[in-house]
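Residue-level listing of the chains:
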Amino acid sequence: MTEKEREIVECMRRELGSDLIDAKTPRERRVFLRIKPTALRKAVNALKKNYSTLRFMTISAVDHGLDFEFLHHFHVDGAVVTLRSVKPKEDNTLESITDIIPAANFIEREITDLFGVKIPNHPKPGNLILTKDWPDDKRPLRKPLEGELPPQARPVAEALISTSCVAPISRYMERKREEAGLPKTSSFAFTNEKDMKEFHGIMKDTSLSKKVGFDWKKKKLRYR
Amino acid sequence: MVKYASFLGCQIPMRIPSIEIASKKVFEKIGLEAVDLQGYSCCPEPVISRLLDKTAWLATSARNLVLAEELGLDLMTLCNGCYETLLEANEILKHEPEERQRVNDILKTYGREYKGLVNVKHAVEVLYEDVGPEKIKEHVIKPMKIRVAMHYGCHLYREPNGGDITRKPNMMKELTGLTGVEIVDYGLERLCCGYPSMQADEEFSLKQRLLPKLKNIKEAGADAVVLTCPACTIQFEIGQILLREHGIHYNIPCINLMELLALSFGIPSKDLHLEFHRGPTSQLAEKIEGGYKCLK
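Top line first, the protein sequences correspond to chains W and L.
Position 16 of the first sequence, counted from 1, bears residue number 16 in the numbering used here, the numbering being contiguous throughout.
Start counting at 1 in the second sequence, then tack on 224, and there's your number in the numbering used here.
Just so you know, not all the hints are guaranteed correct.
Stated by the list, open to error - Label-pair distances were calculated between CB atoms; the ranges are:
#1 W:18 to L:502: 52 to 58 Å
#2 W:121 to L:470: 52 to 58 Å
#3 L:499 to W:34: 16 to 22 Å
#4 L:357 to W:201: 42 to 48 Å
#5 L:390 to W:92: 52 to 58 Å
#6 L:436 to W:60: 28 to 34 Å
#7 W:36 to L:431: 34 to 40 Å
#8 L:415 to W:27: 47 to 53 Å
#9 L:339 to W:36: 38 to 44 Å
Said to hold, decoys possible - DSSO-like cross-link-like pairs, simulated, lysine-lysine; straight-line CA separation at most 27 Å:
#10 L:278 to W:220
#11 W:217 to L:332
#12 W:218 to L:249
#13 W:194 to W:36
#14 W:176 to L:494
#15 W:210 to L:278
#16 W:184 to L:278
#17 W:197 to L:339
#18 L:318 to W:217
#19 L:318 to W:204
#20 L:278 to W:194
#21 L:494 to W:197
Note that these hints are calculated values from the structure, not bench results.
All values reported here derive from a predicted model rather than from experimental measurement.
Glycine is no exception: its CB is placed at the ideal position from the N, C-alpha and C atoms.
When you get a sec, could you build the whole thing from the sequences and use the hints?
Take a look at the structure:
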């Protein structure tokens, strides 16, 4: 990392504080700043305030199945600086920066056209490259809301994370077990609050639940 | 007395509890004390978690291994999938300090630490090595006069440190033979039953994996298939039902080694609740008890 990249990272760290999640400089004249999606406009304003030579390059949108990744690319004193933010697809919005950087106008509308992402504060919304009567639900680059798992594996992953067991017990099986002289269920973690909290803690401490797209509030996958 | 921490896994207690019942009765007869782990979780299942997140797999397995460590007992599994998952996790955690540290950093939040004190064994190994075929044979009072085909299951071939992969299948075959059955060879013993591929391609799984086995087993004249893996058992039983939708009809009973041993020990089939099987296992047992000899 040269002095220039180091200075950009330090500047943005000061400006964004905890809104800057991670900073990477994989090679000379390249800076990636992972930011909280709520801090996008704050980050763009900070770049504009601190670098008079700031030049907006473009925005890349990537549909990862469960999440959208937005990459706002800027040229800053010979280096390319990318603001990287990730939003769940259920949110389906991107904050416009057109009022700060007017050149972002067309690319933001193109993202709406191709991915169906809404940009609520855009000064002039509307189709740019698609026809005016293009159907909202058929966006050329938008993928279905899906994680990495094939459909048949989804109930197994959901059962594993939510219950600690891949074969959740039914009331019928509980009754049949009792009729056979067995306890209602085996001594699984889900039979004890402390054990279950511990198991769920491990699931949260690792990235499995994130990778499969598990919704901890609803206790099920974000898709089926 | 031989004593182990018993890891039942998910499929046996939740889908085929007759294996749980049979194993308890067999262990009692042969003097093997199996202490159920309290608060255990899925091993975790060997496909999804291992492919998607190695640390989640190792941390979940480590927690189960720590439960056995806290009892001061080695761990015994009845399920082939649990065996492989826990055995391989144990090997990695014992020999790769970085992985062990990463896992222990997670476990310490919950007041636990993996120390690498336990060994993982399949019930087949425990019966063969710790109890012994001679002692088991002493309890066989009703030899089973039937022909059986063996399905060992892929995970039973897993052997750490480049060992002989046929070691446990050979033990399983010998233990099966103690019950008086005639074991028929059908040439496709090593072929996977298709259970894991059901999650990716059901038709491939049924027609390219299960069906060739069923065809050969029937042609070899077997009255039943002997298994140790509950997942393979589910694949054989549900698979035969699903194949009917393709106009292919088989009705071959599946029996777990523990159930077969229990029957040969003279335990009545009604006490084993073989009705948990989704195939004609109860009918097979009733025929045997009624004096029906499948062997010609």
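The hints, checked one at a time:
1. Between residue 18 of chain W and residue 502 of chain L the CB atoms are about 55 Å apart, so this pair conforms to the stated range of 52 to 58 Å.
2. Checked against the hint of 52 to 58 Å, the C-beta distance between residue 121 of chain W and residue 470 of chain L comes to roughly 56 Å, which is consistent with it.
3. For residue 499 of chain L paired with residue 34 of chain W, a C-beta distance near 56 Å fails the hint of 16 to 22 Å.
4. The hinted range of 42 to 48 Å is satisfied by residue 357 of chain L and residue 201 of chain W, whose Cβ atoms lie roughly 44 Å apart.
5. Taken as a hint, the range 52 to 58 Å holds for the pair residue 390 of chain L and residue 92 of chain W, whose Cβ atoms sit roughly 56 Å apart.
6. For the pair residue 436 of chain L and residue 60 of chain W, the supplied restraint of 28 to 34 Å is violated, since their beta-carbon distance comes to about 49 Å.
7. Range check, residue 36 of chain W to residue 431 of chain L: Cβ separation about 50 Å, and the 34 to 40 Å hint is violated.
8. Look at residue 415 of chain L against residue 27 of chain W: about 50 Å separates their beta carbons, and that is inside 47 to 53 Å.
9. Range check, residue 339 of chain L to residue 36 of chain W: Cβ separation about 40 Å, and the 38 to 44 Å hint holds.
10. Restraint check: the Cα-Cα separation between residue 278 of chain L and residue 220 of chain W comes to about 22 Å, which is no more than 27 Å; the hinted pair holds.
11. At roughly 25 Å between alpha-carbon atoms, residue 217 of chain W and residue 332 of chain L fall within 27 Å of each other, so this suggested pair holds.
12. The suggested pairing of residue 218 of chain W with residue 249 of chain L is violated, with an alpha-carbon distance near 41 Å, which exceeds 27 Å.
13. About 33 Å separates the Cα atoms of residue 194 of chain W and residue 36 of chain W, which puts this hinted pair outside 27 Å; it is violated.
14. A threshold of 27 Å between alpha carbons decides the hint, and for residue 176 of chain W with residue 494 of chain L the separation of about 14 Å falls inside it, so the pair holds.
15. Under the criterion of a C-alpha separation no larger than 27 Å, the hint pairing residue 210 of chain W with residue 278 of chain L is consistent with the structure, at around 14 Å.
16. Distance check on the hinted pair: residue 184 of chain W and residue 278 of chain L sit about 32 Å apart at the alpha-carbon level, beyond 27 Å; violated.
17. As the CA atoms of residue 197 of chain W and residue 339 of chain L are separated by approximately 22 Å, the hinted pair is consistent with the 27 Å bound.
18. Between residue 318 of chain L and residue 217 of chain W the CA atoms are separated by roughly 36 Å; this puts the pair beyond 27 Å, and the hint is violated.
19. A distance of roughly 24 Å separates the Cα atoms of residue 318 of chain L and residue 204 of chain W; the hinted pair therefore holds under the 27 Å criterion.
20. Straight-line distance between C-alpha atoms of residue 278 of chain L and residue 194 of chain W comes to about 24 Å, which keeps the hinted pair within the 27 Å bound.
21. Taking the CA atoms of residue 494 of chain L and residue 197 of chain W, the gap is near 39 Å; set against the 27 Å cutoff, the hint is violated.
Hints 3, 6, 7, 12, 13, 16, 18, 21, counting from the list given before, are not met by this structure.
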